Amino acid sequence: MVALIRPDSWNWALLLHVGGAMILVGGLVTAGGASLVMRGDATGALTRFFYRVLVLVALPGMILMRAGAAWIYDKEGYTGNGDPTWLGIGLSTADGGAVLFIIALILGGIGLRRSRRGAGGEGLLRASGVIALVLLVAYVVTVWAMAGKPA
Amino acid sequence: MSFSDWLLALHLIAAFALIAALVLFTAVMVANWGNGSPQRASAYFRLAAIGGPLIAAGAGLTLVLGIWLAIDLDAYHPWDGWIIAAIVLWAIGGATGSRVGAHYSGLQELVDRLAAADGDEPNAELAARLSDTKVRTLHAITIVAFVAVLVLMIFKPGA
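For the record, the sequence lines run as chains A and B. At position 10 of the first sequence (counting the first as 1) the number is 10 in the numbering used here, and the numbers step up by one without a gap. At position 136 of the second sequence (counting the first as 1) the number is 136 in the numbering used here, and the numbers step up by one without a gap.
Because the hints were derived from the structure by calculation, they are not lab data. Nothing here was measured: the structure is a model prediction, and the numbers come from that model. Among the clues, some could well be false.
Unchecked claim - So, partial list: chain A residues that the calculated Cβ filter (under 7 Å) puts toward chain B: (1) V53; (2) V143; (3) W144.
Glycine residues also receive a C-beta, built at the ideal position from the N, C-alpha and C atoms.
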C-alpha cells in the first residue's frame, strides 16, 4: 500500500517511472503486435514500423522507466539489503529485460538490414518480435508485483 | 496480498492496457498520415485491430476498479474532488476516443474495398481521410485527458 500513502515528494519520480513504463509497455504491445501481423504484409511497411517503434517508442520508455525507478529507489532509502520481494521482481525485470531488449534491437536491426537488401532477415525479425512479446508478458507480471506488492 | 492490493494491481494493469492501446493507435496514425496506399493502410488496420479490445477492456476496468478501490479504502471516497475530476477527464477521453474510433471504423470498409479492387494504387480520398485534422485533434484531446488522469492518480491533489 506504499503507493497509496507515500510522501508527496516522491510523486515526480513515480510519475516518471510509471509514465515511462506505460510508454515502454505501449511500445512493446505495438511492436509485438506488428511482428505478429507483418508476415501478411506484402508492402514491408509493418517490418520497418516494428523496428521504428522498438527504437523510437519502447527504448525511450525503458530509459524513462529505469531513471524513475532509480530516483524513487533512492528516495525510499533502499540499500539492496533486505529489499522487499516486489522490488526484487521489479529490478530483475527492469535490468534483465534491458539486456533482452538490447538483444531484440540488435537482432531486429540486422534482420531489417538483410530484409532491405533482399537477403532474408525474416528469422531475425521474428526472433526480435518474440523477445518483445516475452518482455511484454514479463512487464505485465512486474506491474502486478509493483502495484500489489506481494510479501 | 489483501483484497485492496488486488484491486490496485488490476486497476493499474487496466490503466497500462488503456495507455498501451493509445500508444498503438498514435503510432499507427502517425505512420499512416497522408499515405493513400490501400495495401499499406490495410496492413496497419490489421495491427490497429489489436488496440480495439485493449482500449475497451482497459478503459472499462480502469473506471470500475478505480471506483471500487475508492469505496474499499477508508482513506478515499468516490466523491473526493480529485477522483471526480479523474472521472470527468475519463469521460472526456472516452467520448473523444470513441469519435476517433468511429472515424477509423468507417474507413475500414473503404480500405477493404480499395485493397481488393485497385491493388496498391494511391487513393486521394483514403489519403485525405487518413490525414483528417479534426480526428488528429480529437485524438490529441484523448491523450491529454488520459495523461491528466494519470497525473491526478499520482499526485492526488487534496487527498
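Tell me the numbers of any earlier hints that the structure contravenes, in ascending order.
Checked against the structure, no hint fails, so every one of them is satisfied.
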